[in-house]
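Trainee: Those protein sequence lines, which keep their order, are chains A and B.
Start counting the first sequence at 1; every next residue gets the next number (our numbering).
Start counting the second sequence at 1; every next residue gets the next number (our numbering).
The hints are simulated quantities; they were obtained by calculation from the structure and are not laboratory data.
Honestly, I wouldn't trust all of these hints.
As the list claims (entries may be wrong) - Cross-link-like lysine to any residue pairs, in silico, SDA-like; alpha carbons within 25 Å at most:
| hint | chain 1 | residue 1 | chain 2 | residue 2 |
| --- | --- | --- | --- | --- |
| 1 | B | K20 | A | L92 |
| 2 | A | K73 | B | A249 |
| 3 | A | K24 | B | L235 |
| 4 | B | K167 | A | A112 |
| 5 | A | K138 | B | A220 |
| 6 | A | K24 | B | A220 |
| 7 | A | K73 | B | K68 |
| 8 | B | K167 | A | K138 |
| 9 | B | K20 | B | I70 |
| 10 | A | K73 | B | S8 |
| 11 | A | K138 | B | K91 |
| 12 | A | K140 | B | M219 |
| 13 | A | K24 | B | L137 |
| 14 | A | K114 | B | L194 |
| 15 | A | K138 | B | R38 |
| 16 | A | K140 | B | A41 |
| 17 | A | K24 | B | R105 |
| 18 | A | K114 | B | Q110 |
| 19 | A | K24 | B | Q120 |
| 20 | A | K73 | B | I109 |
| 21 | A | K114 | B | M219 |
| 22 | A | K24 | B | L97 |
| 23 | A | K23 | B | L235 |
| 24 | B | K68 | B | S8 |
| 25 | A | K23 | A | I6 |
| 26 | A | K114 | B | A249 |
| 27 | B | K91 | B | M219 |
| 28 | A | K138 | B | I37 |
| 29 | A | K73 | B | D34 |
| 30 | A | K24 | B | G87 |
| 31 | A | K73 | B | L103 |
Claimed, not checked - Over 10 Å on every C-beta distance to chain A, these chain B residues come out as not near it, computed from the model:
| hint | residue |
| --- | --- |
| 32 | I37 |
| 33 | T98 |
| 34 | R105 |
| 35 | T155 |
All C-beta atoms in this analysis are idealised placements derived from N, C-alpha and C, irrespective of residue type, glycine included.
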Amino acid sequence: MIVHVITSFIASAAFGVLFNAPKKSIIKCGLVGMTGWVVYILLVNNEYEAVVASLIAAVVIAVISHIFARIYKTPVIIFSVSGIIPLVPGGLAYDAMRHFVVDDYNVAVQLAAKAFMISGAIAVGLVISEVLYQLILKMKVK
Amino acid sequence: MENKFPQSIEVIELCLLAGKIMLQCGAETYRVEDTMIRIAASLGIPESHSYVTPTGIIFSIDGTEPAKFIRISERTTDLYKVTLVNGVSRKISSGELTSQQALIRLKEIQSADFTFPIYQQIIAASIASGCFLLMFLGQWADFIPALIAGGVGFTCFVYVHRILKVKFFSEFIASFVIGAIAFLFVSLGIGQELDKIIIGSVMPLVPGLLITNAVRDLMAGHLISGLSKGAEAFLTAFAIGTGVAVIIAFF
Numbered sequence: 001m002i003v004h005v006i007t008s009f010i011a012s013a014a015f016g017v018l019f020n021a022p023k024k025s026i027i028k029c030g031l032v033g034m035t036g037w038v039v040y041i042l043l044v045n046n047e048y049e050a051v052v053a054s055l056i057a058a059v060v061i062a063v064i065s066h067i068f069a070r071i072y073k074t075p076v077i078i079f080s081v082s083g084i085i086p087l088v089p090g091g092l093a094y095d096a097m098r099h100f101v102v103d104d105y106n107v108a109v110q111l112a113a114k115a116f117m118i119s120g121a122i123a124v125g126l127v128i129s130e131v132l133y134q135l136i137l138k139m140k141v142k
Numbered sequence: 001m002e003n004k005f006p007q008s009i010e011v012i013e014l015c016l017l018a019g020k021i022m023l024q025c026g027a028e029t030y031r032v033e034d035t036m037i038r039i040a041a042s043l044g045i046p047e048s049h050s051y052v053t054p055t056g057i058i059f060s061i062d063g064t065e066p067a068k069f070i071r072i073s074e075r076t077t078d079l080y081k082v083t084l085v086n087g088v089s090r091k092i093s094s095g096e097l098t099s100q101q102a103l104i105r106l107k108e109i110q111s112a113d114f115t116f117p118i119y120q121q122i123i124a125a126s127i128a129s130g131c132f133l134l135m136f137l138g139q140w141a142d143f144i145p146a147l148i149a150g151g152v153g154f155t156c157f158v159y160v161h162r163i164l165k166v167k168f169f170s171e172f173i174a175s176f177v178i179g180a181i182a183f184l185f186v187s188l189g190i191g192q193e194l195d196k197i198i199i200g201s202v203m204p205l206v207p208g209l210l211i212t213n214a215v216r217d218l219m220a221g222h223l224i225s226g227l228s229k230g231a232e233a234f235l236t237a238f239a240i241g242t243g244v245a246v247i248i249a250f251f
């Protein structure tokens, strides 16, 4: 678990560097990515489906990104992008592709469908938190 | 009065420049449109229209001025510049910057290069690859192979892209090289699991920014931008997949 915490922090921060995030935000990018990945791993270890876990983790990431963006007056995208990266189903997509190459289409299509579902879940997670954020803004205005 | 309502030509130029920088640096389409309209509004032009796609911006303000168009051909990821332009637009809204000052500031931002030095980016990419390997439950023994494969792959991507300028081909070459290095390590007995090493090292090339942007654009109603960014993300993923697939198919 500790390995997961540390590596996800470093990996997300490194992505901050690759995307040239402002130097001050790199640590925060790492924090966002770390929280998202820890949520995901905890859910998966407790026998939740990967799709559900990705959805919840994406919501958490997007909510934290919105809060950070509000506090530090920077665009949301800086935090959400580096946070989302660890959740992207790269491993599944790779497995799917690998089965395609060796003519094992049945397994390949299954894996590809799952990878697609997970990407969809991440997207829906981002949207949910966006909607929540807009709702809260509107309630504040009233 | 003269300062408060500047020439509309100048406002158009200012908005277009801001939009151009943001779009080139990987901001979401709806944010670009929003920023341009906000800048125009705070400089005394309440009605303006902007139409942004990933490859071009059309901007017009009501009245006799003609609409202007800018073509965007090169897109990179540079979130620092997005933040800076965002800051400029905030300052224009709050009245801290006049349009002339803002224009000078934006031109400075456009010509400046804030990216981290290449070697730092390569180090970051290799460290990220190693960390991803561990996150995907790889063994510690594979840490160094993933580190090297990821670093070399990213280096290939950067330099091939400089020569060829075709993004998909450079991604293809980079993932091909990653696959080859991972295969080499495993066949030499240094690495253990070929799959885990490749997955970890490919992660720095994954189009994460494109995917998130595509979704947010689609949800904000920018269907064309969302779909075309989605297509770009898909092509990128396809290029990476093909590069690795070639290696697996051969060996």
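Trainee: Next, verify each hint and record whether it holds.
Mentor: Results of checking the hints against the structure:
no.: 1; hint: K20(B) with L92(A); result: violated, 36 Å
no.: 2; hint: K73(A) with A249(B); result: violated, 49 Å
no.: 3; hint: K24(A) with L235(B); result: violated, 33 Å
no.: 4; hint: K167(B) with A112(A); result: holds, 24 Å
no.: 5; hint: K138(A) with A220(B); result: holds, 17 Å
no.: 6; hint: K24(A) with A220(B); result: violated, 29 Å
no.: 7; hint: K73(A) with K68(B); result: violated, 30 Å
no.: 8; hint: K167(B) with K138(A); result: violated, 41 Å
no.: 9; hint: K20(B) with I70(B); result: holds, 8 Å
no.: 10; hint: K73(A) with S8(B); result: violated, 29 Å
no.: 11; hint: K138(A) with K91(B); result: holds, 24 Å
no.: 12; hint: K140(A) with M219(B); result: holds, 23 Å
no.: 13; hint: K24(A) with L137(B); result: violated, 30 Å
no.: 14; hint: K114(A) with L194(B); result: holds, 22 Å
no.: 15; hint: K138(A) with R38(B); result: holds, 19 Å
no.: 16; hint: K140(A) with A41(B); result: holds, 23 Å
no.: 17; hint: K24(A) with R105(B); result: holds, 21 Å
no.: 18; hint: K114(A) with Q110(B); result: violated, 42 Å
no.: 19; hint: K24(A) with Q120(B); result: holds, 16 Å
no.: 20; hint: K73(A) with I109(B); result: holds, 18 Å
no.: 21; hint: K114(A) with M219(B); result: holds, 22 Å
no.: 22; hint: K24(A) with L97(B); result: holds, 24 Å
no.: 23; hint: K23(A) with L235(B); result: violated, 31 Å
no.: 24; hint: K68(B) with S8(B); result: holds, 12 Å
no.: 25; hint: K23(A) with I6(A); result: holds, 20 Å
no.: 26; hint: K114(A) with A249(B); result: holds, 23 Å
no.: 27; hint: K91(B) with M219(B); result: violated, 28 Å
no.: 28; hint: K138(A) with I37(B); result: holds, 21 Å
no.: 29; hint: K73(A) with D34(B); result: holds, 16 Å
no.: 30; hint: K24(A) with G87(B); result: holds, 15 Å
no.: 31; hint: K73(A) with L103(B); result: holds, 21 Å
no.: 32; hint: I37; result: holds, 16 Å
no.: 33; hint: T98; result: holds, 21 Å
no.: 34; hint: R105; result: holds, 16 Å
no.: 35; hint: T155; result: holds, 13 Å
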